Each structure stands twice: as structure tokens, then as C-alpha cells.
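Residues 1469 to 1632 (my numbering) are what the sequence shown spells out, left to right.
All clues given are correct.
Across the chosen pairs, the derived CB separations fall in these ranges: (1) Arg1628 to Leu1533: 15 to 21 Å; (2) Gly1531 to Glu1611: 23 to 29 Å; (3) Asp1534 to Glu1607: 14 to 20 Å; (4) Leu1554 to Asp1614: 18 to 24 Å; (5) Arg1582 to Ala1603: 18 to 24 Å.
It should be emphasised that the hints constitute simulated quantities derived from the structure, not laboratory data.
Every value quoted in this text rests on a predicted model; they were computed, and no experiment measured them.
Just so you know, even glycine gets a beta-carbon here, dropped at the ideal spot from N, CA and C.
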Amino acid sequence: MAHRRFLAVRCFDLAVSGHHPAVGPTDGAGEEAGTPRSLSLPAVPESARLAREFVVAVLGRAGWLDRERLEQLALVTGELATNAVLHARTELQVTVICDGHEVRIEVSDGLHARPERARPQPLDTGGRGLMLVDALVDEWGVEYLDGQYEGPMAKTVWVRVTVD
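All chains, please: the whole structure from these sequences, using the hints.
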């Protein structure tokens, strides 16, 4: 529980400051509503943390300072990035598009396979990521990128949430 509190405080501090290596405090992130902000990351475990911090910093710069919603979006982003690292094992790209009422977070990777919800047993230590995603967002889905973009990306898993 203490680890979760630390994560929440760290994410909120990032949101308030808007500082992340890919979203500096003076680069204009979030000043134009709907402008996509993207970050490419390698397929290493640390990328989940960097993806969470990036999303929270972008949302903070855009004025999304609701602590509970930021915690939820950090968790969702971490789950999607972790899935990309574990299953695709390719570079991933995290994109955030937001305005005053809605945010869309996308995680693209090089694996064409559709993410599947696992059916974990009660004592299993994994397999609950997509169940968490489903519970915390308004809508989520998968888009296949065949021939749409240059580069090694094959699919995008996206989530959408709105402000009440």
C-alpha cells in the first residue's frame, strides 16, 4: 500500500510541475487542445514507469489535476506499456491526446496479435491488467496499423476517458 501511495504522490507532483524528460516545463505541452504528444520507448521494464510519468506530465500541463483520475490513468498506462514490453518485445510508442473534456491514451507496439483478457486463478500473480483497464476507463480498443504509418508499429491499444 505504501508503494501505491508513493506512486500517486510522485505522479501528482509530475502533473503539477509538468516536468518529464519528454515534456519539459517550457515546451508548450498541452497549450493546444487536441495536439498529440508522443514518446517512443524501448522494450525494457523501465519503460512502463517512463510511460506513466510521461502521460501524467502531459495531462498535468493540460490542466488535468484530479489526483484520483491521474492515479487511474497512470495505472492504465503502466498496464498497457507493460503488456507491450512483455508480449510484443518491440519498441513502443505512447501518445496522449487531450482537451478539456476527454483524454485518449494510445500505446502502439510491433505485435499484430490482439491483447486477450487472461483468466487468472485467485493465487496467480499476473493476468489482471486488461481487467483493470476495462474497469478504469470509459472505453478501450485496438486499432491495427497495417500500412497506415511508416515504421515498425503493428497495432495501437487505446483508452478514452472523459471528465465528469
